[in-house]
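Peer 1: Given chain A, put chain B with the ligands in place with the hints provided.
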Amino acid sequence: MMTIPPVVRPAKPFDLELVKVTKRFGSFVANDQISLKVPAGTFHALLGENGAGKSTLVKCIMGFHQAEEGDILVHGHSREINSPYDAYQFGIGMVYQHFTLVPAMTVAENLVLSRPDTPGIINWKDEMARLREFMQTAPFKMDLDTPASELAAGQKQKVEILKQLYLDSKFLILDEPTSVLTPSEADEVLGLIRDKVKAGDLSVLLITHKFREVFGFCDEITVLRRGQFAGHGLVKDLTADDMAAMMMGGQRETKIVPKAVRERGPAGLEIKGLCANKDNGVPALTNLNLTVHEGEVVGIAGVSGNGQRELVEVLAGQRPATGGELVVHGASYHGTRAETAEHGFFLLPEEPLRNACVPQMSVAENIAFRSFDRPPMTRAGCLVSRAAIRSFAQDLITRFSVKTRSPETPIGDLSGGNVQRAVLARELGPGTARVLIAANPCFGLDFAAVESIHGQITEARNRGVAVLLVSEDLDELLALADRLLVISHGEFVYETTPAQADIKTIGHHMAGH
Amino acid sequence: MTSESIGWWGVVLGILAGAVRGGTPFLLVSLGECLTEKSGKINLGLEGTLLMGAMSAYAVSYKTGSPWAGVAAAGATGALMGALHALLVSRPKVNDIAAGIAMLIFGTGCAFFLSKPYIQPSAPQLPAVALGGWSQVAQVQAALRISPLFFLGVAVAFALQWFFRATRWGMHVRAVGDSPAAARAMGISVGRTRFLAIMAGSALGGIGGAHLTLFYPGAWTEAISSGQGLMAVALVIFARWNPVQCLWASLLFGGAQAVGPSLQAVGISTGYYLWNASPYILTLLVMVLTCSRKRTLVGAPGALGSPS
Ligand SMILES: Nc1ncnc2c1ncn2[C@@H]1O[C@H](COP(=O)(O)OP(=O)(O)OP(=O)(O)O)[C@@H](O)[C@H]1O
Ligand SMILES: [Mg+2]
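In order, the protein sequence lines correspond to chains A and B.
Numbering-wise (the working numbering), the first sequence opens with residue 294 and increments by one.
Numbering-wise (the working numbering), the second sequence opens with residue 261 and increments by one.
Just so you know, these hints were derived from the structure itself, not from any lab.
All of these numbers come straight from a predicted model, not from anything done at the bench.
We treat Cβ as the ideally placed atom computed from N, Cα and C, and that holds for glycine.
Check each hint, because a few of them may be wrong.
Stated by the list, open to error - So the derived label-pair ranges between C-beta atoms look like this:
| id | chain 1 | residue 1 | chain 2 | residue 2 | range |
| --- | --- | --- | --- | --- | --- |
| 1 | B | Gly531 | A | Pro613 | 36 to 42 Å |
| 2 | B | Leu534 | A | Pro613 | 36 to 42 Å |
| 3 | A | Phe321 | B | Lys323 | 54 to 60 Å |
| 4 | B | Leu534 | A | Lys418 | 48 to 54 Å |
| 5 | B | Ala358 | A | Pro613 | 30 to 36 Å |
| 6 | B | Lys376 | A | Phe321 | 54 to 60 Å |
| 7 | B | Leu534 | A | Pro668 | 49 to 55 Å |
| 8 | B | Arg500 | A | Glu788 | 43 to 49 Å |
| 9 | A | Lys313 | B | Gly451 | 27 to 33 Å |
| 10 | A | Ala804 | B | Asn355 | 47 to 53 Å |
| 11 | B | Tyr532 | A | Ala631 | 49 to 55 Å |
| 12 | A | Ser320 | B | Gly451 | 21 to 27 Å |
This is chain A alone, in the form it adopts within the complex (with noise of 0.2 Å):
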């Protein structure tokens, strides 16, 4: 009989293996006997549609949930890990796709409680000098005196990093930790943790849904559907219409919607000399003015955290303003829900399991929040049926692909991504926006959505809709928008079209010079 060795933490890479994993939830079975091998010091890529059970599996690996059934080897041992800490003790570490700093704590304290092996009593002198000499050599540089809830969704996914390298992983999941970063920070960030699995110091599975960056940075990838084992290579035998194929299960053509060649109509949404705060009171937007006009996309590019929140906050009425008029079809719009109804304003702010959504309520309620309080959904003026509802939220998830097991599924219970597809039916399903915001509405979705949410978009504004897409990823505006303004430090700093932009010049404008 083989004993199975003690617990140390780890110093260097390990194999890890999971062999017939199944988790389910309720009757439904989110992973189905998945097996999966990461050797030591590789770099793994973990594909898949939205839902199709990515971050379940990897969560089982973590301690979160764990697998009714299959095992987990690690260096060959089967191994019990029934919590995050568990895991720790195995060198496993886990960047979430969902946030999970604590707000009102601040860089340095986030990074100290993260360690589970923190005295009981903390010397805060000692950590301090610790943390600055991690920072130091940490590949990207954060104050540690700021609160978590200041940072902007970039710099919290660095934060997210720094955490895992402080706390000496040496087996990192991340899962799609680029997806709130720009493409240059992304490939700075992979890049230096492809350094650290080249120098033998690190083994990773990534998430993530992007094929640019599983050649880029990975060598091996195994592919999930459905919450079934879907196909597994070696990334130089493979192209993209392979992975694409094991991913959506045979061949699907793309569809891409032309932008009509249209006149630009009237103004349909005026910004004039908006002015408006951070949460700590600081001014993050000074002075903006913008028109956009209906049938025209006007892009936002900028560096995340240089107002485009604050400016999608104001639009959506979650945060005053502390100076200037929004217009809309040249009415003052102050946000109520009868405006919004009247000019059709509709809005998909960023994070919208945080911003657009009561977690606990269902899809279908979900779905409903524009539309419930009207006929057909409500009868005698104010009672409101659930049957039609249902249906109509039914519909909406048939025609989204929204996976869900049942409408009636709270909605925080739905993958990253269809959460993302849940709200932007409810946006745009109906067909009555006149005015749409976007705020980076491809965050975390897989190519097939990306590319039908750009198909919706630009149909919209086929329509006479004006769109405001704010979004941190260049491609997505030089491929949607008609004109491009890049936001720094809270103004407007430049303005091109895609046909004539230069991306060095953008780049360079957006980097604040």
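Peer 2: Positioned in the frame of chain A, the structure of chain B with the ligands alone reads:
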């Protein structure tokens, strides 16, 4: 100097003494509530816990002859009440506010029921710490006879401040209260942390009750608490969930309570009842003034009142 000659100074002195004397239960209960809320749960039942603590402290002090045993009993009773509340709110779909109100009524009822044999006899009291030896004036000496539990409260306030900032457990409590999902991802047990925080908070609430029966007013009556347990909730908001600010806020509330009696002592009884209402008016004012549509409260635990 005779006692009459201090005149209006008597009012000031009365209010200051009242701030310390009447502020002590506020202080202990609000620190308990602060700890509870930092973990993301609300305990409205602390008023019931306070009464249970007051009752058991008095009873045990009477039976054993040791007031300190009474204080210990109050803490233990509080912890038990807390455990019950924590157990209730850890169930899915149990709302903390509703459970808290139930615990409030339960605790009050239990205390009244169990206290019947202890209404008459007088129990040994906690020894006062006399800081007024330097003065010849009787009022000054009386005002500076301070409850040992006040010093306990002050120590706990600073200790709690330090606990939240510089201990692993304290950071766990904050993490759980601000973002349970993040805490879970770090392997912190949300349920256990909240359970312990609620229990410890409740124990402090119970000890606050011991001050009422074993120091001031110093006997058991059913009207012994005048809502300190509930006002402490407002006080915690006023103090921005900061333990040391809980101390200042408690003194303010305690002082407000003493305005009416102090004025009466110098013969001014107009508006006596109005002055007695000042702590409640202060509570309302605090609530109105600290609410703002524009900014979220700094220091408020992000997941306060969310299901675990
Ligand atoms: N806690 C849960 N309870 C019930 N069902 C769940 C839960 N978590 C996930 N699911 C379901 O399991 C399936 C797989 O979800 P998972 O999050 O693993 O997908 P994913 O591959 O990570 O997708 P994405 O790319 O969109 O993030 C989904 O259909 C989802 O609705
Ligand atoms: Mg996922």
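Peer 1: Where does the structure disagree with the numbered hints, that is, which hint numbers, in rising order?
Peer 2: Result: no hint breaks.
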